[in-house]
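Engineer: Single-letter residue listing:
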Amino acid sequence: MSLTTNNINQNELRKLAAREGYTFFGLTVPYLIMVTALIAIPVGWLFYLSFIGRDGTFSFENYERMWKSKAYIKIFITTFKISILTTIICAAIGYPLAYFMSQLSRKWANICMIGVLIPFWTSLLVRTYAWLVLLQKKGLLNNIAIDMGLISEPIKFVHNTTGTLIGMVHIMLPFLILPLYANMRAIDKDCMKAASSLGATPSRAFWTVFLPLSLPGLLAGLLIVFVLCLGFYVTPAILGGGKVIMAAMKISSNIELYFSWGAASALGVVLLVVTGIILFIASKLVSIDQLGSR
Amino acid sequence: MMKGLRSVGLIAATGLALSSTTAFAEELRIVSWGGAYQKGQSIGIFQPAAKAMGITVKEDTYGGISDVKLMVKSGADKFDIFSSGAGSCASGAAEGVLEKLDYSIIDVSDHLPGMYSDYCAGADIFSVVAAWNTETYGDNGPRTWADFYDVEKFPGTRAMRNKVDAQLETALLADGVPMDQIYEVLNSEAGIERALDKIRTIKPHIAVWWSSGAQHAQLMKDGEVDMTTGWNGRFDVAKDDGAKVAYDWRTGIMDWEGYGIPKGAKNKDLAMKYIAEMMKPEYMAEFAKYITYGPTNGKVYELGLMEDSRAKMMPSHPDNAKHQLTLSTEWYSKWRTIAAEMYTEMMTE
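Heads up: the sequence lines are chains C and U, in that order. Under this note's numbering, residue 436 is the last one in the first sequence; the count climbs by one each step, no gaps. Under this note's numbering, residue 385 is the last one in the second sequence; the count climbs by one each step, no gaps.
Rather than coming from a laboratory, the hints here were simulated on the basis of the structure. All values derive from a computational prediction rather than experimental measurement. The beta-carbon is built from N, C-alpha and C at its ideal position, and this holds for glycine as well. Please note: incorrect hints may appear among the correct ones.
[Claimed, not checked] Residues from chain U that face chain C, not an exhaustive set, calculated with beta carbons under 7 Å:
1) A243
2) W245
3) L341
[As the list claims (entries may be wrong)] Using C-beta positions, here's what the derived DEER-type ranges look like:
4) V268/C - T92/U: 23 to 33 Å
5) K87/U - A251/C: 52 to 62 Å
6) E171/U - S345/C: 47 to 57 Å
7) L427/C - K114/U: 46 to 56 Å
8) G291/C - K114/U: 45 to 55 Å
9) G186/C - E220/U: 41 to 51 Å
10) I141/U - I288/C: 54 to 64 Å
11) L267/C - G278/U: 24 to 34 Å
12) G278/U - M176/C: 47 to 57 Å
13) K114/U - I226/C: 34 to 44 Å
14) G186/C - I79/U: 48 to 58 Å
15) K87/U - E206/C: 48 to 58 Å
16) I141/U - I183/C: 54 to 64 Å
Isolated chain C, as found in the complex (with noise of 0.2 Å):
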């Protein structure tokens, strides 16, 4: 008697659970469409063209001319670099000025948050032009430093690696301040407490209990910088000063140059793909699933 109870309960209970699935599954679907529609069917359409030739048939000529020439190599190399550079910056600068907001009262907190807010919500082409005319040779900083006697020559802040830095770290610093900022306010404070009062030092006590709270919102960030910065355009080309390509800026050109969409969208496809293979890494190195249920 109590057996077959039991059945009909875990055959309600199974349904149950069924239709719960069903419904979260409902829930997706509007975001399924979207990412089809707006993901995977265009993916799908520069993957094709990429092995469309310039007379209009199938062919590797595409990859073919990345593979020839050196300037791509250049180009991809020049790419990862930015981006690690303005990631790793990006996180030297911003891991401290969150973690600073996250001790603050929520007043000075938000007040801090509209400094950082601000930039983020000015047009990126204002604040590049703005860099540029603040950096160059007889540009605002230069001439400060040459007056007060700091140096003789004027340094060369843009037109190069340097310029694109500055303005990427600016322009990024927000995306991997947001997402770090929101964890490490839900960080309990009472676990630095209960660290202090096992005696460990406040230094011991952030390295070993609040450092590792606050890796997956530090982690969201740099990915968040690392992945935008692959396709950053505008800073570059006028920070770059023409000698700063990145892939974003050639795939345009390319465009440009050999007039099929073909030829651009084989670099799109390299870069997604190098991209991939670089956050599959980096996801084995640290599992972002662990971190987070510790």
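Fit chain U to the given chain C structure using the hints.
Structural biologist: Same frame as chain C, but now just chain U:
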């Protein structure tokens, strides 16, 4: 309530009035290069010509013939007329993205020889020159391309264009190739490579690869580089604005700019009539007051529409033209893609 209704009526009436005026005034869309150049075109040519015809002309900037090709090939419809260099126009024509101009409507009978083609109605004559910062070199700047490439005699930072157009010629002129043989030498990949090798010798001194006329004018104005390749008119305007800049006609590479119509342009017929209007000498004379690009219509000089002092500043003035190389549009329609690829490779490596 009554007030509310009345204002709704008013809005509706205004709406009607607006839609009726737009329906009657014919409209054209023209694109050009922005900056001092388009300012001169707008004040001197585009708007007065539109007014004379009683039409509305909307202006915008664009990125060159590649924009035209992309627009036509993707079936978009953004503009009816574009302002473009003769060589770029020729490459667009070769790809079949341009409308053939109707010279029974557009009168070019007074044009200087060679200053129009089937797909491009010449409007002004300009030159690529080597400009230098007079604060750095005084009056004795790089007066020839050999000087521009001589980093010992003229130490300092340089800028060149990030596209191949009119850059290879500078290298060969610096290398001592006579003017009449430049395009002969460039008529092979080895010749192009020779020019690129010459540019490679000064590559460490190239601080900026510029992408627009506004940019190279700004670079000279800000003293960001000591010398650059660029368009003579932009430097003259920058000079009038107080920039310390000078150039010598001996570095001139003369080329002409004109108007073209993208294939399938919505207002093709009106565009043709508008181009015909813009060919009139008085517009060209007015334009030349704002930027030193010479008229393609010989009537400007015949009718004395330009003062002698101003005429002497134009690239096409005989005293200036005699020093210069004339850009070969044929060479560009044949070699541009290959040369551009090799040039980009050189820039990137």
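Engineer: None of the hints should be skipped; say for each whether it holds.
Structural biologist: Taking the hints in turn, this is what the structure says about them:
1. A243: Where the cut-off is 7 Å and the nearest Cβ of chain C is about 6 Å from A243/U, the hint holds.
2. W245: It holds, given that the least Cβ distance between W245/U and chain C is near 3 Å, below 7 Å.
3. L341: Constraint on L341/U not satisfied, violated at 38 Å.
4. V268/C - T92/U: 23 to 33 Å: Holds, at about 30 Å.
5. K87/U - A251/C: 52 to 62 Å: At 59 Å between Cβs, range holds.
6. E171/U - S345/C: 47 to 57 Å: holds, 54 Å
7. L427/C - K114/U: 46 to 56 Å: About 48 Å separates the Cβ atoms of L427/C and K114/U, which means 46 to 56 Å holds.
8. G291/C - K114/U: 45 to 55 Å: Cβ of G291/C to Cβ of K114/U: about 53 Å, so the range 45 to 55 Å holds.
9. G186/C - E220/U: 41 to 51 Å: For E220/U against G186/C, whose Cβ atoms are near 48 Å apart, the range 41 to 51 Å holds.
10. I141/U - I288/C: 54 to 64 Å: holds, 60 Å
11. L267/C - G278/U: 24 to 34 Å: holds, 26 Å
12. G278/U - M176/C: 47 to 57 Å: holds, 54 Å
13. K114/U - I226/C: 34 to 44 Å: holds, 38 Å
14. G186/C - I79/U: 48 to 58 Å: This hint holds: roughly 50 Å between Cβ atoms.
15. K87/U - E206/C: 48 to 58 Å: Holds, at about 54 Å.
16. I141/U - I183/C: 54 to 64 Å: For I141/U and I183/C the Cβ distance comes to about 45 Å; the hint is violated.
This entry does not satisfy hints 3 and 16, going by the numbered hints stated previously.
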